[in-house]
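Since the structure of chain A is already known, use the hints to place chain B on it.
Number of protein chains: 2
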Amino acid sequence: MYEKTISSAVIKRLPRYYRYLGELLENDVVRISSKELSEKMQVTASQIRQDLNNFGGFGQQGYGYNVEYLYTEIGKILGLDQKYNIIIIGAGNLGQALANYTDFERRGFYIKGIFDVNPRLIGMSIRGVEIRLVDELERFIKENNVQIAALTIPKTKAPEVAADLVRWGVRAIWNFVPTDLNLPNDIMVENVHLTESLMRLSYNLKAKDEAEAKKRAEAVREESGV
Amino acid sequence: MYEKTISSAVIKRLPRYYRYLGELLENDVVRISSKELSEKMQVTASQIRQDLNNFGGFGQQGYGYNVEYLYTEIGKILGLDQKYNIIIIGAGNLGQALANYTDFERRGFYIKGIFDVNPRLIGMSIRGVEIRLVDELERFIKENNVQIAALTIPKTKAPEVAADLVRWGVRAIWNFVPTDLNLPNDIMVENVHLTESLMRLSYNLKAKDEAEAKKRAEAVREESGV
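Read top to bottom, the protein sequences are chains A and B. For the first sequence, numbering that gives the first Met the number 0 assigns the number 0 to the initial residue and increments by one for each residue that follows. For the second sequence, numbering that gives the first Met the number 0 assigns the number 0 to the initial residue and increments by one for each residue that follows.
So that you can see chain A by itself, here it is in the shape it has in the complex (with noise of 0.2 Å):
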């Protein structure tokens, strides 16, 4: 297949080019060449042929990109041609919300089994996947395949329920929680710091106003010729 020297960068941009993709697929577009491909996607047309280059390139001079070639190719580099099994950690509002996500089951992450400590939670389902009490968790993964699980926790105690839910064989986790979990390296770790994300919001906001509050004080400097 490819050789595994990918940069994390074009990794980064690979969903998106699924995304696009399948958008395209839904409106029966056959081929696109990069350069219209880049006019949608808002990247230079370089850019698109160096990142599809990675994976041997999929275009043709003068054809451009067979739309569900190249989307069936991304997927596979994404590992969609597989299933996997997710749990979930935590059935609060976080966590029931992404059992309701309709969208993880479309790409192949299936759900699997929610859990939380709270016993007036247990029995309840959502999706049809019942909420389990904690307890249970070393046996369901064992016997369920789990792969990933998703954790909505209080950050006191995840890096232990981490620790344990790879002792007892999960393989990746996505992390809600607004802490780092110090795992070994071969377990992947995805962040999504829902806290960090509307700092970087707030930090562009002020970056902007300065900059836009010198660019006024400049021209008032300017102007009265000082």
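Incorrect hints may appear among the rest.
The list cannot tell twin chains apart, which means a pair is met if one copy fits it or any two copies do.
Mimicking EDC-like on lysine to aspartate or glutamate, the simulated pairs with C-alpha atoms at most 20 Å apart in a straight line are [stated by the list, open to error]:
{"#": "1", "residue 1": "Lys205", "residue 2": "Asp185"}
{"#": "2", "residue 1": "Lys11", "residue 2": "Glu189"}
{"#": "3", "residue 1": "Lys156", "residue 2": "Asp179"}
{"#": "4", "residue 1": "Lys154", "residue 2": "Asp27"}
{"#": "5", "residue 1": "Lys75", "residue 2": "Asp208"}
{"#": "6", "residue 1": "Lys11", "residue 2": "Glu195"}
{"#": "7", "residue 1": "Lys207", "residue 2": "Glu195"}
{"#": "8", "residue 1": "Lys39", "residue 2": "Glu195"}
Worth flagging that the hints you see were computed from the coordinates, not collected in a lab. None of these values were measured; they are calculated from a predicted model.
Structure of chain B alone, referenced to chain A:
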């Protein structure tokens, strides 16, 4: 103050510094060396010094960093010395989960309103914040000095709604919708694409499996002396 040529990589790391310093502060740590901080954060001490030097550097040779001072200064850089008014568009599971998240308020992000098209949700409250009909958006944004809107609505409506929000005065969009919004350049957009985040996990799981399979095949080949 500081110059605005800070790389986006540094900006991405700042919230993490802020989080660690906040935890140190909670534990009454008064000062910390870049070496100690580097061990805690698992980044190199030179990376820490370089990152913080972007802002003039807050450390003192032989003393290290004053935790409270550094925390406050990074907070200012991130714009956390100001208050932000947020609205949530879409009162589904994810919108409700965001409204229930108490951490945002601690950082100065105040959720002022939640909006939906579903009349059955109107009048309900989440943590004291009323759910309103989207018809009220224009007036509400103007009257409440709303800077940030979180978007948790269906994909098909998102670009149009985002354009309206911007026209009515919103300056930043926190976009949970798996689509690009194509807004004017001076509008900040921070994307949280959950499915794409999951795809990075599946990519890594598959890449790891393939690397291991390759290693096993090589070991077999070596053993058989081919």
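Going through the earlier hints one by one, which of them does the structure break, listed in rising order?
-> none
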